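J.: Here is what each chain is made of, one letter per residue.
2 protein chains.
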Amino acid sequence: MIVEIVTTGTELLLGQIINTNAPYMARRLNEAGFDVLFQSTVGDNRARMAQVLAAALARADIVITTGGLGPTQGDITKEVAAELLGRPMRLHAHSLERIKSFFATRKLTMTDNNIRQAMIPEGALVLDNERGTAPGVVVTTDKNTVVHLPGPPHEMEHMLENAVIPYLRDRFGVQGTIVSKVLRSFGLGESSLEERIKDIIKGQGSNPTIALLARSAEIHIRLTAKGTTQAEAEELIAGLEKKVRERIGEYIFGTNEDTLEAVVGRTLAERRLTLALAESCTGGLITSRITDVPGSSAYLAGAVVCYSSEVKQSAVGVPADILAAHGAVSVETAKALADGIRSRFGTDLGIGVTGIAGPGGAMPGKPVGLVYIAVAGKNGTFCFEHNLTGLRGAIRQRTALAALNHLRHYIAEL
Amino acid sequence: MIVEIVTTGTELLLGQIINTNAPYMARRLNEAGFDVLFQSTVGDNRARMAQVLAAALARADIVITTGGLGPTQGDITKEVAAELLGRPMRLHAHSLERIKSFFATRKLTMTDNNIRQAMIPEGALVLDNERGTAPGVVVTTDKNTVVHLPGPPHEMEHMLENAVIPYLRDRFGVQGTIVSKVLRSFGLGESSLEERIKDIIKGQGSNPTIALLARSAEIHIRLTAKGTTQAEAEELIAGLEKKVRERIGEYIFGTNEDTLEAVVGRTLAERRLTLALAESCTGGLITSRITDVPGSSAYLAGAVVCYSSEVKQSAVGVPADILAAHGAVSVETAKALADGIRSRFGTDLGIGVTGIAGPGGAMPGKPVGLVYIAVAGKNGTFCFEHNLTGLRGAIRQRTALAALNHLRHYIAEL
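First to last, the sequence lines map onto chains A and B. Mapping to this note's numbering: the first sequence position 380 is 418, numbers consecutive. Mapping to this note's numbering: the second sequence position 160 is 198, numbers consecutive.
Misleading hints may appear alongside valid ones.
Examples of chain A residues lying across from chain B (beta carbon under 7 Å, computed) [unchecked claim]: (1) N68; (2) L323; (3) V343.
Everything labelled a hint here was simulated from the structure, so no lab data went into it. Predicted model only: the values in this text are computed from it and were never measured. Just so it is clear, CB atoms sit at the ideal spot from N, CA and C, and this is done for glycine as well.
Okay, chain A solo, but in the shape it has when bound (with noise of 0.2 Å):
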């Protein structure tokens, strides 16, 4: 069955507000069973509202709206599919009832409009709504299912959730389940981690499916699979996943939700070793993601950002000869940011960054998106240098994850 949702609203259109409906209701509809293959947003324009929804009726056998239920005269998403189905408009005594109380419960007058919001089309199906006065709606033809929900979020989800769902996938006779999981890798670009699985993403059938996703800095690898049973769908994806792991496994950080400081921070509590920062071109960016983590308490002593020559040398301890000797952007000043931080601090782990993050800065043969990233430990100290593009933004966070990718790497060796 193909899914086509259809958002209403001027505000929509104009791009006054975010359009969250459409997502939520495209992530629960696939999770429930049904493809949702199309997506369009319409303002309150009878004509062009017309339009859009003879385009879903016609590719989509269910269409599912979301605004345009309210009590005003712009609210018309209602009255014109009924039109297009060739539905008259009737009172529905109940959802009449039901507004009135709404109204009467909460001691507000109740105006002549409201009473447009318990207009329904003939035949149809309706869903009370326990959230607001609009009630929802289901029409169904030979060929289309319609169903047509509030728009406010609150009022949306609770509708989609507890009666349009569970309706559809009745009548559907829909079984089974859909389970997805995200691989999240750091430090392989988008098109050679492509490069590294191209086989097994050109030869995937329809079940289980697997794409990539660039974000910022890390790419995503998601997997998602259909099955009888929830247990029949994860065994798909553990099949799956186990392929890609054995390509790019040293790439992949974490699952779903997992950040780079999360599994860092978790990895660091259950060893129980303390980390300390020398942070300079980052000022601070690494620190304060690694404390957005709660608990982060636990295992993080503090950091010193140190953007001085001065700072440099009298909060972290990098010897003036050093700086004097290499410049503060050399290997040796951040392996001296790193042992010095960790000396200071008195903690297992120390981390030391310097680099130039742009726009100005660039010295002969030291270019904006020169950095250095040193991490100190008992096995030693070691240096890392990356050259990045980019806006100052930009260099600042993928330091930040590769900083936080090396302490993993670092970890993982004690």
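For chain A, the structure is supplied; the task is to place chain B on it using the hints.
T.: Below, chain B without anything else, positioned relative to chain A:
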């Protein structure tokens, strides 16, 4: 000219990511004088994408797509449209050179996949991508203008602003101009702010207009005016801005793209003042925001993130008896952090922040969300108490903004 925005990508269709491109494009195109009347979303499937594009070409004059210009096999937007329009794809030498040099600069290996990005429909206008590898494309026919933009927001936005909108306005002879100005405020809630300028909002006509927009902890006041000339529109804006500032001027810290850290940074640089920070509960977030501004090394000496009591004492110089008598989350500790870091780093100004970001860490009389922010300088050391609600991330973000705002007010009195 009727515009349709077509966003492509299976991850959008499945609701795995929120579509922020469509509202951004809709808003900017409407401001530029083009009516966006339809928005569609379709996945990376040839047949269905062709169906959606054909419908768009039939009902709109200008069709703008975003997404699907990447290097992978799933990126098909350009090809599907070219096939519909009967344009063969040709290798575009200039674009290939740009992509090659993009990879060379990053010292990355370009894979053959990326060559696909340099394939351009015959006769198309190519828009260089200043922020990524995929060039944009404009294909014109007797009936339609078709524009393909990349999916990553920072690439799309740059191309839309700098290439597409100027091109479309020129090509379709759009006269007149629309000017928008955003006044950015902090420190007053949305309803309190609305209450103070309610009559201005209610009494507005169609030109100029005013709208409020809550953006995390900031409230943005958006002023928009149309004029036959830029000067005429700007004059309308200026009149409205004056009225608004008379009511809530003290809360407005900047305009348009100004951030609090950029505004504060500008003042620090102009007045040759230096700054150091000691952050506990914000864990480097304030310093990270400050160093996000290019040139911040001119005024930021550095910072210490002092999660543990040991680091508060050893690296910032908070006296042990203050911590013992008042606890880490107290007025006295906040002041000692600000004074200590200012003295250690020898700066004009010091900021000390301590609090409970949650979800753990609450103590009797010290709930999650209790935050102390101290600012130290030659006028003395002042401490501000905040009681914030929300999740850890929101408390940290709001604390960072509040600290920058306290610093802004402190400097204004110097």
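J.: Each hint needs a verdict: does it hold in this structure or not?
T.: Structure-based check of each hint:
A least Cβ separation of about 5 Å between N68 (chain A) and chain B falls short of the 7 Å threshold, and the interface hint therefore holds. Hint status for L323 (chain A) relative to chain B: holds, with the closest Cβ pair at about 4 Å, below 7 Å. The interface hint given for V343 (chain A) is met, as the beta carbon of that residue sits about 4 Å from the closest beta carbon of chain B, less than 7 Å.
In terms of the numbered hints stated before, the structure departs from none.
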